[in-house]
Amino acid sequence: MNLDQLIIILATAIASATPIVFAVIGETISERAGVINLSAEGTILFAAMAGFAVAHLSDSLWLGFAAAAIAGILIALIVAFGAITLRQSQIAIGFVLALLFTDLSSFIGNPFVRIPGPTVPAFPIPILKDIPILGRLLFDSDLLVYLSYALIVATWFFFYRTSAGLTMRAIGEQPNAAFARGANVIRLRYLYVLIGGALMGIAGAAFSLDFKAGWSYRHTGGYGWIALAIVIFGGWNPLRAALGAYFFGILQSLASVAQDQFPGVPTQVLTVLPFVLMILVLVLTSANWLDRLLAFLPSDTRRSVLRTLRAAPPAALGQPFVQD
Amino acid sequence: MTATTRTDMRAPASPLVWRISAIVISILLLGLIILVSGESPLAVIDAMIGGAFGTPDKIGRVVNTLTVLLLCSAGLVFTFNAGLYNLGIEGQITFGAIAATLALRLFGAVLPGPIAIALCIIFGAIGGMLWGLLAGVLKVHGRISEIFAGLGLNFVAQALAIYLIFGPWKRAGVASTSGTEPFNDTLWLGAFGTTEATPVGVALALIATIATIVIVRRTHYGLRLRAVGRNPRASFVLGIPASRQMLSAFALCGILAGVGGALQVSGNFHRLIPTISGSLGYLGLLVVMLVNFDPLWVLPVAFFFSALNVGSLQLPLVLEKVDSSLSGVIQGMLVLAALIGRGFAEINVKQ
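Chains as they are written, first to last, in our numbering: chain A, 1 to 324; chain B, 1001 to 1351.
None of these hints come from the bench; they were simulated from the model. Glycine included, C-beta positions come from ideal geometry on N, C-alpha and C. Each hint can be trusted.
Across the chosen pairs, the derived CB separations fall in these ranges:
| # | chain 1 | residue 1 | chain 2 | residue 2 | range |
| --- | --- | --- | --- | --- | --- |
| 1 | A | 212 | B | 1177 | 15 to 21 Å |
| 2 | B | 1233 | A | 116 | 55 to 61 Å |
| 3 | B | 1193 | A | 315 | 57 to 63 Å |
| 4 | B | 1296 | A | 221 | 33 to 39 Å |
| 5 | B | 1234 | A | 180 | 26 to 32 Å |
| 6 | A | 162 | B | 1178 | 52 to 58 Å |
| 7 | A | 218 | B | 1036 | 16 to 22 Å |
| 8 | A | 150 | B | 1292 | 41 to 47 Å |
| 9 | A | 315 | B | 1190 | 52 to 58 Å |
| 10 | A | 77 | B | 1177 | 35 to 41 Å |
| 11 | B | 1206 | A | 111 | 40 to 46 Å |
| 12 | A | 118 | B | 1027 | 32 to 38 Å |
| 13 | B | 1296 | A | 9 | 55 to 61 Å |
| 14 | A | 116 | B | 1020 | 43 to 49 Å |
Kindly produce the complete structure, drawing on both the sequences and the hints.
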């Protein structure tokens, strides 16, 4: 494999990870505010269908993406209402929605199976694309891909460099303390769950209108669960979650290359890697085994290594907030 | 990740009005969705009843679906009552099915058919139990949410099945998604007449359901299980070891799901296929959520859901605008309505 081929493989991997990037950023926002949106699988499928159907009928990509985002918001609204207002189990509500909207996407999307529709056009950025290697790796794609770069940076900045981001993390960690300091926990949780839902909806349309253009039965099947795994793998940090998505994209690209070398192993076997990695990350971080593993390092190095690898979930994740 | 709420496992709240109105609204919504798709709801109901009960063959298929669904639901009653969301049940069915296939491959040619089939079911139970305990050990000793560990293990089990089907256990000639080479018919579980329904499967499912009702509602073990489910910390203080109760619930659920997997292999498909679980584990989760974890109501709801599954299969053949995914839409809508209705009832009791 020469450098040219490698660049092509990596560039495809980075671009095709774009829908997953939108999904993991959306889920990370929702979970950092304290609400697991377990409906990701159903949301992405349904939004992919809705986005494709609307774009096909109206012949407008913008309306397609808008429809997908609205679909994501509406499903997130059910999650938020059930989990925040009715204080039902987030797992139960999200799981039922994941199954329900998977089937609804097949049922309602039936007339739209395997018909042509609009797709996002390529848009190389004039000067940046001529940078050696990096240009072809990052800036020879389309607007949706560039938007995802901006989203990653903006989300990271919002999380760790703004006071609204601090409040968002607080309502996921210590909702009572945040409430005592004047944060409207319930309204803010609604807000972030809906924003997360909109991003997951856009992830669906990013599949059906761009990277897996078209619609068919269970078109994006499995990607929602993978997104949930990558959020954990990413330790609830938008930057690491995005890196996890790219890592997954590269794995998939390499898997299709490896297919030629090992024809006996189907690619489906490799798609399970994110889940294995997720479990490993959980094992390492949940039981303090990481501390023991790194015990041989000098203490100051150990502390900084631990900080980079830390992946503790938000303390109030999954718990309803009862306002006194 | 241990933070998934315990409070949601509380006893059912009273006002029936909320729950009934939620169900009624969901049925109206379903009617609307069918109308929008361009068919009359009555024609759809008629086609589904015909699809589920029209011929002895179809009834046999409903019974077969029901046996596996009952086994899974019965198992999930244990985990739900211990306060656990065992989303890993799909993997427990799949790993059970893999172990069951292994048994038939090992003993099918050397032992008499009935003994090989018995070993197949036992292997299925052990396989399911091991996969359930894996999630259980991660939960109890690794403090990893059973939800994400279970989901992850589902995909691992499925990938293992695909690997076996395409690799070591591949069909003579070319490997394909249609599964392994079908077993010799001496290794098929005996059926009622010409249908697919198997007496052994029905007996196992009914025994599991009745035993679950008795154990959860009438025994000391069931009481301790529910105590752990309601409040693990308090029961620990009272001398009930939460970890042992949780592990036993995972093991029991895994055994029942694994037996379901063995029935899929020896009674239903007569081979290992990539989608061997048929998503019946996920459907079992819906059944048990709909009955609010009470085993008494599992049988009627599981029967209704099985009839929906089988009845919807031929919808696209009879009514060309309606897809077979309608069964999942109906099941999901009813459970969502039940959850929302329960939520309204509880909120109104508190205020």
